[in-house]
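Trainee: The lines below spell out each chain.
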Amino acid sequence: MVVGDIATGTEVLVIGGGPGGYVAAIRAAQEGLDTTLVERDAYGGACLNRGCIPSKALITGSGLAHEAGNAEFMGVHADPAVDMGKMVEWKDGVVDQLTSGVEKLCKANGVNLVPGTASFVDEHTARVAHGGEGQGSESIEFEHAVVATGSRPIQIPGFDFAEDHVWSSAEALDADTVPDRIGIVGGGYIGMELATTYAKLGAEVTVVEMLDDILQPYEDDVKRIVRKRAEELGVEFHFGEGASEWSEAADGGYLLHTETEDGEESTYGVDKILVAVGRQPVTDGLDPENAGIETDDRGFIETDDRTRTAVEHIHAVGDVAGEPMLAHAASNEGIVAAEVIAGEPAALDQQAIPAAVFTDPEIGTVGLTEAEAEAEGFDPVVGEMPFNASGRAMTTGHTEGFVRLVADEETGFVLGGQIVGPEASELVAEIALAIEMGATLEDVAATVHTHPTLAEAVMEAAENARGQAIHTLNR
Amino acid sequence: MTVEEFRLPDVGEGVAEGELVSWLVAPGDRVEEDQPVAEVETDKALVEVPSSYDGTVEELFVEEGEMVPVGDVIISFRVDEDGAEADDSGSADEGDVDETSPDAGEPESAESDDAAESEPATSSGRTFAPPSARRLARELGVDVAAVDGSGPGGRVTEADVRAHANGDAGAADAGDAESDESPAPTPADVDFDDRQSVVDARGDDGAAEPSPTIDSGSSPEPAGRDTTLATPATRKLARDLGVDIDDVPTDETRDGEAFVTDEDVRAYADALESATAESAPEPEPVDVDETAAATADATAGDTSTASASAAGGETTAGDETVPYRGVRRTIGKQMERSKFTAPHVTHHDTAEVDALVEAREELKPRAEERGVNLTYMPFVMKAIVAGLKEHPYLNSELREDDEEIVLRKEYNLGIAVATDAGLMVPVVDDVDEKGLFELAAEVRDLATRARDRSLKPAEMKGSTFTVTNFGAIGGEFATPIINYPETAIMGLGAIEERPVVRDGEVVPAPTLPLSLSIDHRVVDGAVAARFANTVMEHLEHPLLLLTR
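Just so you know, the sequences run in chain order A and B.
For what it's worth, the numbering used here labels the leading residue of the first sequence as 1, then goes sequentially.
For what it's worth, the numbering used here labels the leading residue of the second sequence as 1, then goes sequentially.
Derived CB-CB ranges, DEER-like:
hint	chain 1	residue 1	chain 2	residue 2	range
1	A	324	B	73	27 to 35 angstroms
2	A	260	B	69	50 to 58 angstroms
3	A	267	B	73	52 to 60 angstroms
4	B	69	A	394	55 to 63 angstroms
5	A	34	B	73	41 to 49 angstroms
6	A	468	B	262	26 to 34 angstroms
7	A	376	B	262	28 to 36 angstroms
8	A	261	B	69	49 to 57 angstroms
Partial list, computed: chain B residues near chain A (C-beta under 7 angstroms):
hint	residue
9	128
10	130
11	131
12	134
13	139
14	153
15	155
Take a look, some chain A residues computed to stay more than 10 angstroms from chain B by CB distance:
hint	residue
16	99
17	268
18	451
If you are wondering where the hints come from, they were derived from the structure by calculation, not from laboratory data.
Because the structure is a prediction, the values reported are computed rather than measured.
Glycine included, every Cβ here is placed at the ideal spot set by N, Cα and C.
The task is simple: from the sequences and hints, build the whole structure.
Mentor: Encoded structure:
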């Protein structure tokens, strides 16, 4: 113990107040455990402050502006002007409201909130350093701990986020003006969400991607629809190219230099460079090794299906515990961690965790693709409903995309779904529920859906898989 | 670390499948090489299957009570790399496995057994069960992957999880009870003073007591409401059970209206049913003697008969249910097959065995000198062989498919032995070629090993005729069930002094009651009687045995 430290004790110490940590802390407190939550930055974590919520705010704002300006086919004429400063201010308001809500919820549930940076001293002790030099620190003795320190954007050599013109996603979500030209390094989901957003806000967007397509984990027909739409919005793609360096350009802007595997070089004129090549776990300053916690070669903390680390009374949840790095997965893990600590029979036992990409159009996926189902030994049957056959989709003016259901032919169990199209992020929830409940195609097809809605497409896809579709030709 | 699958090894010559009677480990348990992981039942032998790995149990692929073909994967282990080369044949692997090192990076392996017990692993494969059922499974310590789903396509419901948990708990209890129980009396060496008549024993069990019923047994009062709130599923359940939902009593209300749940409907339907059952009592069970005799040496026989007759197929409060598994079920199946395949006729007779008693008394000290405890069984066996030689159809086997009767030229006698686990029938081969002392020693060895379950499956195969000695426990006559596909079985009562008529006077004499069941397809009553006569002749004049 450091001289001058104040030693306190707690049953559950939660490190990190993001969607994994604060949820774990609240549930632990609800379980009657004395719970302390240490957060060094802002409650709500990356999701609320630098990820999901701010990006969705900007996506909505930019989408609205774009839609209004492109609705002449409906007889709507408008020439919307975007006040980026105002939009960011509105976005910040949303974020503030949510983060203060998290803080209030924690307090209302009896969670002790401690601002600062926690690091492990040993298996049962952590030290919390309060903001900056001279602010003092305290030791906290804990019975159980939940590590929920999250992740941060990966920085690549030569592109320092400290430079004004080199952005991580955080800066891209805080910009109060729209750059004329933006070069995006990485065609993953963050790169693609911001590419569509900035394209709609009027920027010239260039995406450079090492691989030969965007959105690596998704199926070809899903990617194709998103890429085509992005191209319509003016996004320029360069595949097979890695960002090598930047340099200043004569016009006051910058040059983004890329290189192919064969050494072929290209240069793109940009004003800002957004590096979105993935995220890495945050464990610096945490000293997990002092507590005996093991990390894998990428720095993620290894956990079991009860979120326990190699040290049984220390759990890890959320991004720091590895894939899937999704806020909703983190929250689920947080609840499991708290309940396991409380002695409840909780476990990570989902059949599938849905994922959404807020591109234009959106992507929503859950469970197995046809190929994955086959690989798992199922005899998959697939049903599809294209949105251009959906009445509701037509009335929104967005008919790109489809709903696809994958099921087991023998039993009819729904195994997965891929949706690309309007509101895919919402629609995927129905398929997730079907999978978890062990619903069959018949169950989905025989559930009456509201008309006219996009959700009808899920029902139609189920009927299509059964060869009984009314509104599409059966496959 | 790797996951190694383990296949059901060949547990006995020619055994193609076995019933997995019970798991001795659960997922997450740490096991060492050679540690028994399961009990497998084949041809009445209970064989323990040893682990061939040091590691952690990853997954159980077979449910208790399931028949498993030899060579099927029954369990997988997470093993250290060093131990991964152990083969699948079940033989012990001599690899240099570190037995003590926990698997680094695998938190579950660091856990002790007790942690694993309350935490079934989440299924690594895909099981179709809703989250609520999964949670319940974890709560009840059930591996959801091991539950048989009753929903569409095998979907696992909460009820399925409960049923599985109850089944398992029952099995575990039965297992414990079995091992705690005082050993059952055995046919070979029981003190005659201890024996109790079958009739008395059954009387003590309370068969005469009224069967337990609900409350006073009067019909439950129908609620007779005009409106009732219930979910559609509950309404359907009521329809299915033939219950008027407005009659179902409930204390629960929603918005001021009576609200009926599934449980209410079921409770009401059950109450209705038991009220009806009481007014029209079940008929008395038929011919209990037959059942008792069939399992004469198995103590479980009495209780199962009693509970079946009392409950009449329904379980009422206070009843105890015991899983019908393992050896019990194997015996049951065998008995059922025999009884319903071979038309049984039982011939009864009594041998007057003064000379036999004398002969045994005379020979006993000599036997003891050689370390052999001479019982009557070897004499009976030799007498039976004498009978079989004269009446070869009693030592035969009917092969229906081939439309032929095989007259066996070997004289291998199965000796029924009551054990804690149930009836076992070890076989004494070539009785015709062995002396009395040799037979006495062999019978004793087999009976002992039957009781401690160390018999090999091969030692219970190949009998041509079977002897069951229910007299050691009690009773004079019974109807033994033929050890199918043999043609006949002889049951022995106790040798006791009974009144016999000699020269017009009733005098006490040691007698041996004999019950001979035959397959009437192969043997007629007259042949049976002649066979019995030959056996009796040899028992009454033991010197005749010298001619054999």
